[in-house]
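Engineer: Could you slot chain V onto chain Y? The hints should help.
Just so you know, the sequences run in chain order Y and V. Here the first sequence stands for residues 13 to 268, where the numbers follow my numbering. Here the second sequence stands for residues 1293 to 1634, where the numbers follow my numbering.
Derived contacts from chain Y toward chain V, CB cut-off under 7 Å, selection only:
1) THR64
2) PRO83
3) ARG84
4) VAL98
5) PRO100
6) MET103
7) ASP107
8) ILE114
Worth flagging that the hints you see were computed from the coordinates, not collected in a lab. Here the structure is a predicted model, which means the values were calculated and not measured. No residue lacks a Cβ here, since even glycine has one placed at the ideal position from N, Cα and C.
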Amino acid sequence: MSAVVTRDLSVFFGERRVVHGLSVIVAAGEWLAVVGPNGAGKTSLLRAVAGTVRYRGSVRVDGVEVTAMTPRRAAAAIAVVPQHRVLPEDMTVFDYTLLGRIPHTGYFGVEGPSDVAAARRALDRLDASDLERRRLGTLSGGESQRVVLARALAQEAGVLLLDEPTTSLDIGHAQRVLDLVDEVRLERGMAVISAIHDLTFAAQYADRLLLLDAGSVVAHGTADEVLTEEAIAHFSGARVHLLRGPGGEPVIVPRR
Amino acid sequence: MTARRIPRPALVTAVVLAVGAALLGVLIGPAALRPDRVIAELLDRLPWVSIESGLSERQTAILFELRLPRVVLGLLVGAVLSVSGGAYQGVFRNPLADPYLLGVAAGAGLGATLVIVTVGSSSALVGVAAFLGALAAVAVAYGLGAAAGGRRTGSTLILAGVAVAAFLTAAQTFVQQRNTDIIREVYSWILGRLGTVGWREVALMAPYAAISITVVLLHRRLLDVLAVGEEEARTLGVRPERVRLIVVLAATLGTAGAVAVSGLIGFVGIIVPHTVRLLVGGSHRVILPLSVLGGGAFLVVADMFARTVLSPAEVPIGVITAFVGGPFFVLVLRNSQRTGAP
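Excised from the complex, chain Y in its bound form:
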């Protein structure tokens, strides 16, 4: 079953079209990495799928147009880890994670035991149970990213959108976060769409890559198909070596 299907999707930022007629299908359990230079339209694509910006064309999640869903229903189906998130520093990790249950409770509702259990499961799954009582202001970068991810997992949505999940993380923490995302999407059969700058990570973790430039698709396919010298030249004149790892996987190294 296809979790996310976009057809001829265009997104506008004021008068400017930032995504041009994009059609892509992401199946349940599949990971699509959206790559491309800054301003390529990666975040706009994610926002359209989340239903938080207006678009032309169609975005269907589990067969339903996202703009036809109520905000609450859309949030129960699609979890988002934004790039620029606000972490209120005196909120506890547990309270923050519990926010993921908002789409599952009524307007004036209060979380029940099942919601508390879902929040605990999410924290536990991300090895963040020991952070439960900590305040968000006291967390390190790696801890914060796991907690934001826990909040998204607590939503128990079928689709997970990640906007640059590894920005500001060192390589070890970045790997840990991506490993966790990978495990969880396989366990739960979540469709994952992530905007990601690091092409090597994209190649290692995602099933398919979608290379955007100025809102249009430059290449779409497996890492081998997408990551060619020519395609990477789209990265605002980036100079790179395209190497091969021991398993033949593409490794992108910058050169001076």
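Structural biologist: Below, chain V alone, put in the same frame as chain Y:
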């Protein structure tokens, strides 16, 4: 551990504070009433309880017609001002937001001044005009903010409020300058008082307090969602502009009611919610309910000082809230930084 509930010790403390403050409020005053008799008389009024208190008729009248309504009004006004302050701080994600933001104080001030000039300060219309002025100011600020900021973001609303407040304050100053004889009366109104209070003011205030407190408390969870920012709130299925509108309306309605019966009592809406935040943490689920209790207790105690410090004269309660509240708040702030708590 269920982090979403109010910690029991904090809740018990707040209830004890509120009840204790209310008791002190009815016990202390210029006419010496014996505490045991006052308590007996209060118990006597409960259903199915009959105790002979030994209070004279005059003393009973002091208790029920002077002290009790004043204490009840103090609880209501204090609760509304603090919970509104907490709500405004949450809605605008601004620690300095207070119930008088968005021009409430300036609108009320102009309304009251106009009536004092034309009819006189003893008129019951002063409260009505203050109420209407407060609501009108917020309506204009909201309209301006909406027109300027498309999506009605928090900062455009605050800026609109600043503009409206400046305009109305200038208008009020102008009216005052043209009528220098009433400056004193306007001034005493602006400093706030629970002075000329009977059950009539309590009856006036109660519905606004009930609506305002209930609506704000029902939104306490959603205010936590707003705390993580507009975009994330949307991805969690919440419409930030709708929550903001409802909460601002509720808090403003309560504040306008409070202003109408007691004038402008400053500082309560800032120090009470912040004290709660510093002591027990940052979730609105905890801050707002505890602010209701803490605010009521704080204002009743402040009023007790206002009545007794220069007895038989009264100090304006706004002076007491700032005078006592300021240093107290600094103490809490310092302590929390030292212990590294929130």
